[in-house]
Amino acid sequence: MKHYRLLPLVAVVVMFAAVRVIAADVKLIANGSIKADMISATEVKSVFLEEHSSLRDGTHVEPVLETDGPVHQAFLHEYLGGTDDDLQNYYRALVFSGRGSMPKQLGSDAEVVAYVVRTKGAIGYVNAETIVEGVKTLTIVRGGNDAQRKLITRVEPEYPDTLKRLNIGGTVRLQLTIAPSGNVEVVEVLGGNPILGEAAVAAVKQWVYSASHSRTIAELSIPFGSHP
Amino acid sequence: MHKRILGLIFLCLGLPAGQIGLQAQEFKLLDRTVQVHGFVSQGFIYTNDNNWLTMNTSQGSAAFTDFGLNMSSRVTDKFWIGAQGYDRNLGQLGQYHPSLDWAVADYRFKSWFGVRGGKVKTRLGLYNDTQDEDFLRAFALLPQSVYPTDIRDATIAHLGADVYGTISLARHLGAISYTAFAGHRSDSIYSGYAYLASEFGLYYSRYGGLQYGADLRWNTPLKGLLIGASRMNQDLTGAGKIVNPLSPSAGFVPETERSKTDWINQFYGEYTFAKLRIDSEYRRFVNDEDDLIGDSVLLSINSDVRGWYVSGAYRIAKRLEVGSYYSHYTIGHVASGPLAVLFPDQTNPGLPANHVYDKVITARLDLKRFWDVKLEGHFMNGYGSSVYPDGFYPQVNPQGFKPNTTALVVKTGINF
Chain A
0 MKHYRLLPLV
10 AVVVMFAAVR
20 VIAADVKLIA
30 NGSIKADMIS
40 ATEVKSVFLE
50 EHSSLRDGTH
60 VEPVLETDGP
70 VHQAFLHEYL
80 GGTDDDLQNY
90 YRALVFSGRG
100 SMPKQLGSDA
110 EVVAYVVRTK
120 GAIGYVNAET
130 IVEGVKTLTI
140 VRGGNDAQRK
150 LITRVEPEYP
160 DTLKRLNIGG
170 TVRLQLTIAP
180 SGNVEVVEVL
190 GGNPILGEAA
200 VAAVKQWVYS
210 ASHSRTIAEL
220 SIPFGSHP
Chain B
0 MHKRILGLIF
10 LCLGLPAGQI
20 GLQAQEFKLL
30 DRTVQVHGFV
40 SQGFIYTNDN
50 NWLTMNTSQG
60 SAAFTDFGLN
70 MSSRVTDKFW
80 IGAQGYDRNL
90 GQLGQYHPSL
100 DWAVADYRFK
110 SWFGVRGGKV
120 KTRLGLYNDT
130 QDEDFLRAFA
140 LLPQSVYPTD
150 IRDATIAHLG
160 ADVYGTISLA
170 RHLGAISYTA
180 FAGHRSDSIY
190 SGYAYLASEF
200 GLYYSRYGGL
210 QYGADLRWNT
220 PLKGLLIGAS
230 RMNQDLTGAG
240 KIVNPLSPSA
250 GFVPETERSK
260 TDWINQFYGE
270 YTFAKLRIDS
280 EYRRFVNDED
290 DLIGDSVLLS
300 INSDVRGWYV
310 SGAYRIAKRL
320 EVGSYYSHYT
330 IGHVASGPLA
340 VLFPDQTNPG
350 LPANHVYDKV
360 ITARLDLKRF
370 WDVKLEGHFM
380 NGYGSSVYPD
390 GFYPQVNPQG
400 FKPNTTALVV
410 KTGINF
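Residue numbers (numbering that gives the first Met the number 0), protein chains in the order written: chain A, 0 to 227; chain B, 0 to 415.
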């Protein structure tokens, strides 16, 4: 009886997992030396294009990329824009005009994780479902005045036991409306597993940001299943 | 020449047959990673009439080779060093005399403020600092109205320093990147300017001077749209020897050249959307100079060179990109002084001697990730023969110029 109850849940989870195989979800991982827990999508772009060599808190960062494959393509599409050829040409322009180096490019999630673990300041991306240890998973904030709203209180979402047992994770995308006082007023799930979404919403509603003159709309990506 | 063509054919046939891979190299030095990158390209140009770019192109010429090799290393989080050697042969220019292309020590205090010093590539417009690396683009030759390859020395690098940075703008207004530079320009005596001067019996032993300026570019909130502007001022001197046409019996006498006014303004925009890239630039170069023997000014020339282009390229398949551009170049000058009679004023840009209008189509095939082949057609009107170089030189066109030139350019290159 107990098992029958679980079946619809497993079916939903499997369905979402299948969708993710087609369009890979990515998560951003960082070496333990990086202080920040969150990074804006704009910052991700500027770090990987070597326009910025440090985060807003002053921490040095060094990007590491994957050479090809669905995770790399998803990252390009989601955060950098353009094709891999465009990106390679961009880096080659830096290299041959004396304005920078080619960032490290590795062939698999496992290699990226291993590099990020041992390299101070390293920041990379892997499939959202890759199990990672010894690195930090960064929450990516999108849109709104994210650059101006500092997160003061953060409550980690609870990873539902059933999904944890089945080793099923993923990334949930949320849209938040942050009140001028800093409280999170509204949280809407934009994408991801609905069960994980519920857990994420429950946690994020307790978050508190710094005060501001106006209301802020922001987007977040919260990964489940692979925290160190 | 035939050896070069055979080499080119061998390269084209040989590389795809084998499973050759080419990638950047790295090694450790003093516990630091050193990256090694390089490129080499070989071109062939055939023209129907006028000889172009100092090559004997009307017979077909493969005297169109260049290569570069660089090494760089990140010493600390903020400190980066590197250097690149470059060599080329373009008809009568370069002649395989290697040069230090850039050698830079770069310290980035913050993302919005960094300093680089040494021999630094000059940021001027979209492509000045990457003009030698044609593998970054669909085209074998950049629009010559704005990036004349025969006088690359004039703008390519300065021995001095830059300050630079990128500032993210609030309210999602994009980002501004700035570079301000100052330094010394030093032309090779194998450059187009010295070669053109030799036509008038003037042989430079050195040419160069102070350059300073700035570049400002805005990555706008509209995804893929970049706009910018650059400015460069120069204070140049040249020294050499000349046979004074007013007293040829004296033989060679020392000659000096001094610029009174010398500046470049450049405005540009680039838009990329998926596999499409469109860009356009405008450059105006104004030069007012005196040529002296001793303290006597024999010639004063005021030149006004204006160029612009509109270019588009589209990748129609993973390995195939096509493109086209229209390049518009005009030159005018006014001369005064005892030798002015030898350099009649050129003020009508409509005359073929005062312009080059170039319509271009190109196709680029990426045989491997590191290896491309380009086929390009240039349909030019005008030859812009003047006191300033623009691709067409009287020395290699002793029969005189014809108003139209059609050129076929084939170029292949590898990079790692």
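Each hint should be verified, as a subset may be incorrect.
Result set (DSS-like, lysine-lysine): computed pairs, CA atoms no more than 27 angstroms apart in a straight line [as the list claims (entries may be wrong)]:
id: 1; chain 1: B; residue 1: 317; chain 2: A; residue 2: 44
id: 2; chain 1: B; residue 1: 317; chain 2: A; residue 2: 135
id: 3; chain 1: B; residue 1: 77; chain 2: A; residue 2: 103
So these bits of chain B aren't anywhere near chain A, every CB distance computed over 10 angstroms [claimed, not checked]:
id: 4; residue: 103
id: 5; residue: 171
id: 6; residue: 199
id: 7; residue: 268
id: 8; residue: 288
id: 9; residue: 338
id: 10; residue: 366
id: 11; residue: 399
Honestly, the hints are just simulated from the structure, not real lab data.
This one's a predicted model, so the numbers in the text were calculated from it and none came from an experiment.
Using N, Cα and C, we set each Cβ at its ideal position, and we do this for glycine too.
To see whether the hints hold, each was checked on the structure:
1. At roughly 24 angstroms between alpha-carbon atoms, residue 317/B and residue 44/A fall within 27 angstroms of each other, so this suggested pair holds.
2. The hinted pair formed by residue 317/B and residue 135/A fails the criterion: a straight-line CA distance of about 36 angstroms is larger than 27 angstroms.
3. With a C-alpha separation of about 17 angstroms, the suggested pair residue 77/B and residue 103/A falls inside the 27 angstroms cut-off, and the hint holds.
4. Separation of residue 103/B from chain A is inadequate, the least Cβ-Cβ distance of about 5 angstroms not exceeding the 10 angstroms criterion.
5. A cut-off of 10 angstroms between C-beta atoms contradicts the statement that residue 171/B is not in contact with chain A; the least separation is 8 angstroms.
6. The Cβ of residue 199/B lies farther than 10 angstroms from every Cβ of chain A, with a closest approach of about 34 angstroms, so its non-interface assignment holds.
7. The beta carbon of residue 268/B is kept farther than 10 angstroms from every beta carbon of chain A, the shortest such distance being approximately 17 angstroms.
8. Under the 10 angstroms C-beta cut-off, the non-interface status given to residue 288/B relative to chain A holds; the minimum distance is some 29 angstroms.
9. With a least beta-carbon separation of about 40 angstroms from chain A, residue 338/B lies farther than 10 angstroms from that chain, consistent with its non-interface assignment.
10. Remark: the non-interface label on residue 366/B is consistent with the geometry, its nearest Cβ contact in chain A lying 14 angstroms away (cut-off 10 angstroms).
11. Every CB of chain A lies more than 10 angstroms from the CB of residue 399/B, the least distance being 39 angstroms, so the non-interface label holds.
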